[in-house]
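Undergrad: What follows is each chain in one-letter form.
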Amino acid sequence: MKESATPIGEPTILIDASPPTLAAYCREVFEFREVAWMLIRRDLIVRFRQTYFGLAWLLFKPLMLMAVMSFAFGFLAGFQKVHSAPYPLLIFCGVIPWYFFSNSVPDGMNSLLGHIHIIQKTYFPRAIFPLAAVAIDAIEFLVAWILFALGCIWFAYLPGWQIVFLPLFFLQLLALCAALGLLLAVVNLQFRDVGNLVPFLLTVGFFISPVGYTTERIPTEWQLLYALNPLVGIVEGLRWCLLNGMGGFPLMPVILSLSMTIVIGVTAIRHFLITEPKLVDLA
Amino acid sequence: MTDTVIDIAGLGKRYALSHQNRPDSLKTWLRGKIRYTANGRDQSGDEEFWALRNVSLQVQRGECLALIGKNGSGKSTLLKILSRIIPPTEGRAMIRGRIASLLEVGTGFHPELTGRENVFLNAAMLGCAEKEVRRNFDAIVDFSGVERFLDTPVKHYSSGMYVRLAYAVAAHVNADILIVDEVLAVGDVEFRRKCLDHMRQFQLRHKTCVIVSHDIETIQRLATHVVWLDRGSIAETASTNRFALLDRYSGTAGNQGPHVGVV
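So the protein sequences, as listed, match chains A and B.
Using numbering that gives the first Met the number 0, you'd call the opening residue of the first sequence number 0 and step up by one each time.
Using numbering that gives the first Met the number 0, you'd call the opening residue of the second sequence number 0 and step up by one each time.
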């Protein structure tokens, strides 16, 4: 399905059995960006509509997460006092990306199935649903870092020059969540099993990601396997950015994590483009 | 001078009737795979069904094409392909201009959202900018007649209200081609008349319609072009002599093929 301009200025659509090209599809998604904005805006409003504290929840949630995790891992599990950085800040760098990941992946996954009644009736690029779902969680994720800044003031802690690389790790995490959201959204339409499997995998994922501890806790012989989890490189990278370089740049996890993100991303895009036109037949 | 806005060539849509071919759980999918490797050939999808086969037709600007045929003849499938809801298995269709389609009841409304929110979301999905909707908002509400329930979630709407609002949006998104699938059957007499008036106005502005209806009277009033589909293929087409075709069609009550009962 390609689009091209005609002399009259009307859009011409060609409908056939071939899947769209990436460029054409991206152009189409861009054309329909307004729908994405509406979905995002609507969802944010719905999330906070009938709450007493409203938008304050955006900061409450990460604060509570940080408090609970610091208590559980630092106090109960005794992982504290390894680094010069304040332990709650170290935890924060793990908890907040994890929270984003573990929310946005299922949200993306369920977005097509949840809007199937719309998909069956009106055409517009369906990638907008998973992308908007991930974007909503991404907004929460980004806002949560205000709390990190407040934490730095509280602990009188100043991140070093490494912080300039922060956006790169944010982008990688966003790309990873978007790719998994897109991929699982179409797989979930075809095999509903995935909807049951993913929450379980996420529970496991929590323990095999450096959320409440640092990678140094993992035995050396397991580190390579451990770092195949793309979140390892991202979380350790974030800690390197924000906590004055921690124990040096986590080169191996970052490279592995980038490679995994690229593999997942390419797989997701390819599978999505092939499947997108057939979604209604598959569901 | 011809000015083709819809050009369909050799369009076909195949469905598999076998369940293995459309697995809905990993287990059936894996089972299919295992059988495939064990027997060295694909046992799945032995039975196939062409909902649409070899359909070629053209619609000129300003025409109103009506599709007729009994249930399961492929009318809705064709509209769904033209609306890009499902892809064809073979062939192609070229469409010039912006399409607004109303397929069955409730064109893609979000049940949790209010009527007002749905107007904007739906219009955006039909490719209409928010500014444009804002400008036409009063006209949309007026047309739909659901003003009182505008801030009620549409899940509480009756099917009639649903269709009225959906049609009102589609009528005001400034589309070049309007595709309507039997939706008007739900509305009351007054609303149906309103829609018919609108579609005629639409044609006068040199826009194009494609409609599916079982109501011969609607077709007689609107269509300039009639295509009779039978078991997924075009049985007959007519433009100037469409009334004769429609008479014959209603004579067979659409229950038999086109060549049965015709002298």
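Each hint should be verified, as a subset may be incorrect.
The calculated DMTMM-like cross-link candidates involving lysine to aspartate or glutamate, where the alpha carbons are at most 25 Å apart (straight line), are [said to hold, decoys possible]:
#1 B:206 <-> A:280
#2 B:69 <-> B:46
#3 B:130 <-> A:215
#4 B:130 <-> A:192
#5 A:277 <-> B:46
#6 B:69 <-> B:103
#7 B:206 <-> B:111
#8 B:154 <-> B:89
#9 B:69 <-> B:47
#10 A:277 <-> B:137
#11 B:154 <-> B:141
#12 B:154 <-> B:175
#13 A:277 <-> A:220
#14 A:277 <-> B:47
#15 B:193 <-> B:216
#16 B:206 <-> B:137
#17 B:130 <-> A:15
#18 B:69 <-> A:280
#19 B:154 <-> A:42
#20 B:206 <-> A:42
#21 B:193 <-> B:229
#22 B:130 <-> A:280
#23 A:277 <-> A:33
#24 B:193 <-> B:235
#25 B:206 <-> A:27
#26 A:277 <-> B:89
#27 A:277 <-> B:6
#28 B:130 <-> B:116
#29 B:69 <-> B:89
#30 B:154 <-> A:33
#31 B:69 <-> A:9
#32 B:206 <-> A:15
#33 B:206 <-> B:46
#34 A:277 <-> B:216
Treat the hints as calculated values from the structure; they're not laboratory data.
Since the structure is predicted, the reported quantities are computational estimates derived from the model, not experimental observations.
Undergrad: Give a verdict on every hint.
TA: Quick rundown of the hints versus the structure:
{"no.": "1", "hint": "B:206 <-> A:280", "result": "30 Å, violated"}
{"no.": "2", "hint": "B:69 <-> B:46", "result": "23 Å, holds"}
{"no.": "3", "hint": "B:130 <-> A:215", "result": "55 Å, violated"}
{"no.": "4", "hint": "B:130 <-> A:192", "result": "42 Å, violated"}
{"no.": "5", "hint": "A:277 <-> B:46", "result": "19 Å, holds"}
{"no.": "6", "hint": "B:69 <-> B:103", "result": "16 Å, holds"}
{"no.": "7", "hint": "B:206 <-> B:111", "result": "33 Å, violated"}
{"no.": "8", "hint": "B:154 <-> B:89", "result": "37 Å, violated"}
{"no.": "9", "hint": "B:69 <-> B:47", "result": "20 Å, holds"}
{"no.": "10", "hint": "A:277 <-> B:137", "result": "37 Å, violated"}
{"no.": "11", "hint": "B:154 <-> B:141", "result": "20 Å, holds"}
{"no.": "12", "hint": "B:154 <-> B:175", "result": "30 Å, violated"}
{"no.": "13", "hint": "A:277 <-> A:220", "result": "45 Å, violated"}
{"no.": "14", "hint": "A:277 <-> B:47", "result": "17 Å, holds"}
{"no.": "15", "hint": "B:193 <-> B:216", "result": "15 Å, holds"}
{"no.": "16", "hint": "B:206 <-> B:137", "result": "23 Å, holds"}
{"no.": "17", "hint": "B:130 <-> A:15", "result": "33 Å, violated"}
{"no.": "18", "hint": "B:69 <-> A:280", "result": "22 Å, holds"}
{"no.": "19", "hint": "B:154 <-> A:42", "result": "17 Å, holds"}
{"no.": "20", "hint": "B:206 <-> A:42", "result": "36 Å, violated"}
{"no.": "21", "hint": "B:193 <-> B:229", "result": "31 Å, violated"}
{"no.": "22", "hint": "B:130 <-> A:280", "result": "34 Å, violated"}
{"no.": "23", "hint": "A:277 <-> A:33", "result": "24 Å, holds"}
{"no.": "24", "hint": "B:193 <-> B:235", "result": "30 Å, violated"}
{"no.": "25", "hint": "B:206 <-> A:27", "result": "24 Å, holds"}
{"no.": "26", "hint": "A:277 <-> B:89", "result": "13 Å, holds"}
{"no.": "27", "hint": "A:277 <-> B:6", "result": "22 Å, holds"}
{"no.": "28", "hint": "B:130 <-> B:116", "result": "14 Å, holds"}
{"no.": "29", "hint": "B:69 <-> B:89", "result": "23 Å, holds"}
{"no.": "30", "hint": "B:154 <-> A:33", "result": "23 Å, holds"}
{"no.": "31", "hint": "B:69 <-> A:9", "result": "34 Å, violated"}
{"no.": "32", "hint": "B:206 <-> A:15", "result": "24 Å, holds"}
{"no.": "33", "hint": "B:206 <-> B:46", "result": "41 Å, violated"}
{"no.": "34", "hint": "A:277 <-> B:216", "result": "35 Å, violated"}
The structure is inconsistent with the numbered hints 1, 3, 4, 7, 8, 10, 12, 13, 17, 20, 21, 22, 24, 31, 33, 34, although it conforms to all the rest.
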